[in-house]
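Colleague: Here the sequence shown stands for residues 1 to 263, where the numbers follow our numbering.
These are computed hints drawn from the structure, not numbers from a lab.
Don't take every hint at face value.
Once the Cα atoms are required to be at most 20 angstroms apart in a straight line, the calculated EDC-like pairs of lysine to aspartate or glutamate come out as [unchecked claim]:
(1) 45 with 134
(2) 235 with 105
(3) 238 with 143
(4) 45 with 59
(5) 263 with 59
(6) 45 with 228
(7) 238 with 65
Label pairs and their computed distance ranges (CB to CB) [unchecked claim]:
(8) 58 with 140: 19 to 29 angstroms
(9) 238 with 3: 26 to 36 angstroms
(10) 70 with 110: 37 to 47 angstroms
(11) 142 with 32: 45 to 55 angstroms
(12) 32 with 110: 47 to 57 angstroms
(13) 110 with 41: 18 to 28 angstroms
(14) 149 with 113: 20 to 30 angstroms
(15) 107 with 139: 20 to 30 angstroms
(16) 5 with 74: 54 to 64 angstroms
(17) 110 with 5: 44 to 54 angstroms
Using N, Cα and C, we set each Cβ at its ideal position, and we do this for glycine too.
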Amino acid sequence: MDQYVDSFPYFPDRTEYEARARSVPQHEIEEAVLPEGFPIYLSSKMAWDRESISSYEDDYILKLDDSQLKEIDDALQHFKGRMRGRQGYQYNVSPVDVVVTHITDMRPPSDPTLSVRVAGYTNEDMPFHTDDGDIVSLFALGEPAEGGESQLASGWRVYNELARTRPDIIQVLASDWPIPRFNCSGTPERLLINFSRRWLAGYGDLKRTRLLSVRQAEALDALHFLAERFHISMKLQKGDMQFFNNWSILHARRGYKDGPQRK
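Given the sequences, and given the hints that come with them, work out the whole structure.
Modeller: Structure, rendered in structure tokens:
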């Protein structure tokens with residue numbers, strides 16, 4: 001019979017995670033096999049870690065020259081006044097997620113402890129997670145006085161480590177969870193990781209409504225701490241734009257502090 005956790009924090013607690021991991025009988029780990037159809041190893045450039053792309057500044061950062069910046073300005077002037085930011089769920093009669101939102105501390109200075117439902121609307125740490133949609137893009141309008149690094153980790157690299165060391169956790173993640181599901185058509189042709197702790201742990205005045213088993217809690221924490229182990233950290237500067245594949249990359253954000261002139 002499954003045991004359930006009394007509490008499950010939004011931001012993972014390493015001590016609790018390690019205690020849950022130690023509670024798993026060793027024979028269950030040794031005897032576990034991957035679910036049917038799941039690959040033993042993913043061989044791809046998408047299975048990276050900080051060691052394999054230590055020179056990402058050269059390979060993955062594009063610096064725009066004056067002619068490219070002018071092209072962007074010209075395009076902006078062409079469309080300015082003709083269209084506004086699109087918040088739709090249909091494009092060419094097909095379902096899509098097109099969402100534009102402002103990620104900043106929206107709590108008023110007069111009430112910095114105001115309860116909100118989304119950690120992105122605060123200056124607090126955000127654990128590794130994924131969003132809706134295919135491509136996530138960030139545009140840095142400013143820089144904090146301290147912190148705020150954008151952290152990226154390969155979901156495929158996390159999978160490879162779990163497949164090698166803890167296939168029982170992949171069994172748990174691949175099992176049926178009592179949570180709302182989005183309608184999906186067809187069968188994915190490759191591994192996808194899509195999750196957020198907020199709906200399972202609660203956040204602010206968004207209350208936790210579902211119990212998690214000890215094994216489910218361990219599995220979610222394992223995703224975070226492995227992503228933390230393999231991640232790269234990017235300090236976005238004002239004007240930077242960041243794009244990444246939401247289906248293969250987990251992302252997080254360090255907490256930050258604003259200053260009088262930097263926010």
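Colleague: Indicate, hint by hint, whether the structure satisfies it.
Modeller: For each hint, the structure was consulted:
Taking the CA atoms of residue 45 and residue 134, the gap is about 18 angstroms. The hint holds against a cut of 20 angstroms. About 18 angstroms separates the Cα atoms of residue 235 and residue 105, which keeps this hinted pair within 20 angstroms; it holds. Note on residue 238 and residue 143: the hinted pairing holds, with a Cα-Cα distance of about 6 angstroms set against a maximum of 20 angstroms. A hinted pair counts as satisfied when its Cα atoms are at most 20 angstroms apart, and residue 45 with residue 59 qualifies at roughly 13 angstroms.
Under the criterion of a C-alpha separation no larger than 20 angstroms, the hint pairing residue 263 with residue 59 is inconsistent with the structure, at around 29 angstroms. For a cut-off of 20 angstroms, the pair hint linking residue 45 to residue 228 stands: about 19 angstroms separates their Cα positions. In summary, the hint linking residue 238 to residue 65 is supported, as the alpha carbons are separated by about 16 angstroms, within the 20 angstroms threshold. Range check, residue 58 to residue 140: Cβ separation about 20 angstroms, and the 19 to 29 angstroms hint holds.
Between residue 238 and residue 3 the Cβ separation comes to about 49 angstroms, which falls outside the hinted range of 26 to 36 angstroms. As the Cβ distance of residue 70 to residue 110 is approximately 43 angstroms, the hint placing it in 37 to 47 angstroms holds. Between residue 142 and residue 32 the beta carbons are some 47 angstroms apart, a value that agrees with the proposed interval 45 to 55 angstroms. Distance hint check: the CB atoms of residue 32 and residue 110 are about 53 angstroms apart, consistent with the given range 47 to 57 angstroms.
A C-beta distance of roughly 54 angstroms is found between residue 110 and residue 41, which places it outside the suggested range of 18 to 28 angstroms. Range check, residue 149 to residue 113: about 24 angstroms between beta-carbon atoms, so the 20 to 30 angstroms window is met. In this structure the hint that residue 107 and residue 139 lie 20 to 30 angstroms apart at CB holds, the actual value being about 22 angstroms. Under the hint 54 to 64 angstroms, the C-beta atoms of residue 5 and residue 74, about 55 angstroms apart, fit the expected range.
Checking the proposed 44 to 54 angstroms range against residue 110 and residue 5 shows it is violated: the Cβ atoms sit about 36 angstroms from each other.
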